[in-house]
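S.K.: Each protein sequence line maps, in turn, to chains H and G.
Residues in the first sequence are numbered from 166 upward in steps of one, following the numbering used here.
Residues in the second sequence are numbered from 166 upward in steps of one, following the numbering used here.
Keep in mind the hints are simulated off the structure, nothing from the lab.
Accuracy of the hints is not assured; some may be wrong.
Stated by the list, open to error - Partial chain G-side listing against chain H, Cβ under 7 Å, derived:
1) N226
2) S261
3) Q264
4) H265
Don't be surprised by glycine CBs; every beta carbon is placed ideally from N, CA and C.
Number of protein chains: 2
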Amino acid sequence: MKFIHTADWHLGKLVHGLYMTEDQAYMLEQFIQLVEEEKPDAVVIAGDLYDRSVPPTHAVNLLNDILFKLNVEMKVPVVAISGNHDSAERLSFGSSWYQHHQFYLQGKLEDSFKPVTVGDLNFFLVPYAEPATVKELLEDPSITNHDEAMKAIMGKLEAYINPDEPNIFVGHAFVIGGQTSDSERTLSVGGAECVSSHLFAPFTYTALGHLHNPHALSHPTVHYSGSLLKYSFSEATHKKSVSIVEIDEKGVATRTEKFLKPRRDMREVEGYLDELLDPSFYKKQETDDYLKVSLLDEGALHEPIQKLRHVYPNVLHLERKVDWMDAKKKQVYQTVQQNKMSEVELFEIFYQEMTTATFSDEKKKWLEEIVDEVKKKESVTL
Amino acid sequence: MKFIHTADWHLGKLVHGLYMTEDQAYMLEQFIQLVEEEKPDAVVIAGDLYDRSVPPTHAVNLLNDILFKLNVEMKVPVVAISGNHDSAERLSFGSSWYQHHQFYLQGKLEDSFKPVTVGDLNFFLVPYAEPATVKELLEDPSITNHDEAMKAIMGKLEAYINPDEPNIFVGHAFVIGGQTSDSERTLSVGGAECVSSHLFAPFTYTALGHLHNPHALSHPTVHYSGSLLKYSFSEATHKKSVSIVEIDEKGVATRTEKFLKPRRDMREVEGYLDELLDPSFYKKQETDDYLKVSLLDEGALHEPIQKLRHVYPNVLHLERKVDWMDAKKKQVYQTVQQNKMSEVELFEIFYQEMTTATFSDEKKKWLEEIVDEVKKKESVTL
Numbered sequence: 166m167k168f169i170h171t172a173d174w175h176l177g178k179l180v181h182g183l184y185m186t187e188d189q190a191y192m193l194e195q196f197i198q199l200v201e202e203e204k205p206d207a208v209v210i211a212g213d214l215y216d217r218s219v220p221p222t223h224a225v226n227l228l229n230d231i232l233f234k235l236n237v238e239m240k241v242p243v244v245a246i247s248g249n250h251d252s253a254e255r256l257s258f259g260s261s262w263y264q265h266h267q268f269y270l271q272g273k274l275e276d277s278f279k280p281v282t283v284g285d286l287n288f289f290l291v292p293y294a295e296p297a298t299v300k301e302l303l304e305d306p307s308i309t310n311h312d313e314a315m316k317a318i319m320g321k322l323e324a325y326i327n328p329d330e331p332n333i334f335v336g337h338a339f340v341i342g343g344q345t346s347d348s349e350r351t352l353s354v355g356g357a358e359c360v361s362s363h364l365f366a367p368f369t370y371t372a373l374g375h376l377h378n379p380h381a382l383s384h385p386t387v388h389y390s391g392s393l394l395k396y397s398f399s400e401a402t403h404k405k406s407v408s409i410v411e412i413d414e415k416g417v418a419t420r421t422e423k424f425l426k427p428r429r430d431m432r433e434v435e436g437y438l439d440e441l442l443d444p445s446f447y448k449k450q451e452t453d454d455y456l457k458v459s460l461l462d463e464g465a466l467h468e469p470i471q472k473l474r475h476v477y478p479n480v481l482h483l484e485r486k487v488d489w490m491d492a493k494k495k496q497v498y499q500t501v502q503q504n505k506m507s508e509v510e511l512f513e514i515f516y517q518e519m520t521t522a523t524f525s526d527e528k529k530k531w532l533e534e535i536v537d538e539v540k541k542k543e544s545v546t547l
Numbered sequence: 166m167k168f169i170h171t172a173d174w175h176l177g178k179l180v181h182g183l184y185m186t187e188d189q190a191y192m193l194e195q196f197i198q199l200v201e202e203e204k205p206d207a208v209v210i211a212g213d214l215y216d217r218s219v220p221p222t223h224a225v226n227l228l229n230d231i232l233f234k235l236n237v238e239m240k241v242p243v244v245a246i247s248g249n250h251d252s253a254e255r256l257s258f259g260s261s262w263y264q265h266h267q268f269y270l271q272g273k274l275e276d277s278f279k280p281v282t283v284g285d286l287n288f289f290l291v292p293y294a295e296p297a298t299v300k301e302l303l304e305d306p307s308i309t310n311h312d313e314a315m316k317a318i319m320g321k322l323e324a325y326i327n328p329d330e331p332n333i334f335v336g337h338a339f340v341i342g343g344q345t346s347d348s349e350r351t352l353s354v355g356g357a358e359c360v361s362s363h364l365f366a367p368f369t370y371t372a373l374g375h376l377h378n379p380h381a382l383s384h385p386t387v388h389y390s391g392s393l394l395k396y397s398f399s400e401a402t403h404k405k406s407v408s409i410v411e412i413d414e415k416g417v418a419t420r421t422e423k424f425l426k427p428r429r430d431m432r433e434v435e436g437y438l439d440e441l442l443d444p445s446f447y448k449k450q451e452t453d454d455y456l457k458v459s460l461l462d463e464g465a466l467h468e469p470i471q472k473l474r475h476v477y478p479n480v481l482h483l484e485r486k487v488d489w490m491d492a493k494k495k496q497v498y499q500t501v502q503q504n505k506m507s508e509v510e511l512f513e514i515f516y517q518e519m520t521t522a523t524f525s526d527e528k529k530k531w532l533e534e535i536v537d538e539v540k541k542k543e544s545v546t547l
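Only chain H is shown next, with the shape it has when bound in the complex (with noise of 0.2 Å):
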């Protein structure tokens, strides 16, 4: 048996107040060509399809398409999960309908943890909830925070398990804790988002959402998938992938990464200005893709964005590496204050403020010789 396991599209995702729906729409391109390879016998979606419980309507309309492909004209099986960042109720509305195709969505966790059968798997569906909502559900006043939330669905859980066949658990949450590390420790230190991997020892294989790297937990049978595309810059150092897992005979689990190639990477860049624009570097860079860019320049720069984006045309963050103005802005100010000042005086500060160079004897007097011109020049067309 095998599945393909996938977590954190986060369809509807703006980032840097950009739309990713159709770098979105390119990755599920590919995850689609990857199904049609592989022939799994499920593909696993591991919680927040969508970034947001509204998404977009041209979110709405990618997830019916590839979910369609998927499901309707591959006639692949679908199980998945609502995650934190969908919206329980409304990702729930037509379920009932989907699984006469053999598409499971569990929007809402429920009271019954009946697993659902896909062939030789089964698969237990617990949706992201709030420990409160737990509480309430299971009817369980001790639980306090999402571990022992976890705890108690397991052990509603528990009842279902045949230890006979592959039992998989899809889950979004924060799990901590692999095989080398003291998880009860890390557990305390991590406070009452974190869930502890050692609840999911029954299970051959744990499929989980929620966060982002895919080696965000190193663990033999619990693992994230990550999410498809790189979101933030803080994730520009992962290496996205969709996870197959291949259950064997003996009920075994083994994981493959598979990298499908994104529209644009996501990456960040540092350098001088002139360097970056220099066609000697960027002929070397994929310049289309989406850029943080760190500059290391001192003083003053004209239009830098402007100036980036002409060859990096999805710049979505500059900043500056050297903070150049900061000492000297407190002493210009307070002079400000403190006098009214001449016309060459005004432009000495401003000169300060904006290069680094020495405002020189020879400067100064050839600026005191085009303001007297200035100055003259009015008082006779006045």
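Dock chain G against chain H, hints included.
M.R.: Chain G only, in chain H's frame:
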């Protein structure tokens, strides 16, 4: 063949700040019962299932539950389109899966105008669309208003009409022009919103949504079902119903109205406050109804809304029939601006503003004495 025609459920509707969800659920349960009794071959919902493009989740849950009961549990085919209040895209999500259960939900107007067939009936589903949308979709630059748009759509539908079978049009539009009126003239009066009923001549029956009055149009084959409930006081005199439509062997449609009883009626009440608060009056009333109250009293009333709600808890709107303040206001305010006045003078103005009685010399004298007395006490204690 028999089907039930309903429309304009407007789930998620707010009326005077109050969600109608419980009232809607109450009506829809009766609707389910009616379907159980009538055993129609299909249920037709002619648009505005929701009241807005992003309905509240309780409305989403209600629609999901009702459609699930009807279509999955009771196995009744459902034919539905989106109205101007629905989001075509959001409502469309999942519709490809629904078809397997004979739940035909047409959210977006599409290039294909092929009917869906349920039993012997051909349903032509035309969701609400702006003329500009139709213009673009059909690539017909001559379309400038709703009538032209519908005419163009009819041109596309024609190819699929089999005159030997019952053809049912399901639409959401402002259709005018009955059998007796000069519809062309009415149309020119009605403006760009209006569609002539003549256009629907090829159909055995036209099931419309949009106008909330089931008698908005008087035509032998073109009908509004009206809305599920009264949704504003302008609808207080409507008698809401759903339509049972039977098509006989000769292909002739007969429509019967079925009246469902709302949890609370929506009514207008007019009278004097004392009269409305008199048990001999209100004991004959359904005091729980949603009410617009018009008071005939002149003069000031102390907390009339609180008093009314004590008897009629669901007063949604209160207005005074007599504009008793208006005439005096001007005069009084002018006086206030002109002089600095004594306590007694100020009270006189207040008295005149709040009552219809005369501020007699006797009253004036009495007040002067009180003011003097208070002032004396003040000077002692200060």
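S.K.: Now tell me if each hint is right for this structure.
M.R.: Hint check:
Given the 7 Å rule on beta carbons, the hint for G:N226 holds: about 6 Å separates it from the nearest Cβ of chain H. Satisfaction of the interface hint for G:S261 is found here, the shortest Cβ-Cβ separation to chain H being roughly 5 Å, below the 7 Å cut-off. Because the smallest distance between the Cβ of G:Q264 and any Cβ of chain H comes to about 9 Å, over 7 Å, the interface hint for this residue is violated. The beta carbon of G:H265 comes within 6 Å of a beta carbon in chain H, closer than 7 Å, and the hint placing it at the interface holds.
Hint 3 from the list above is the single one not met by this structure.
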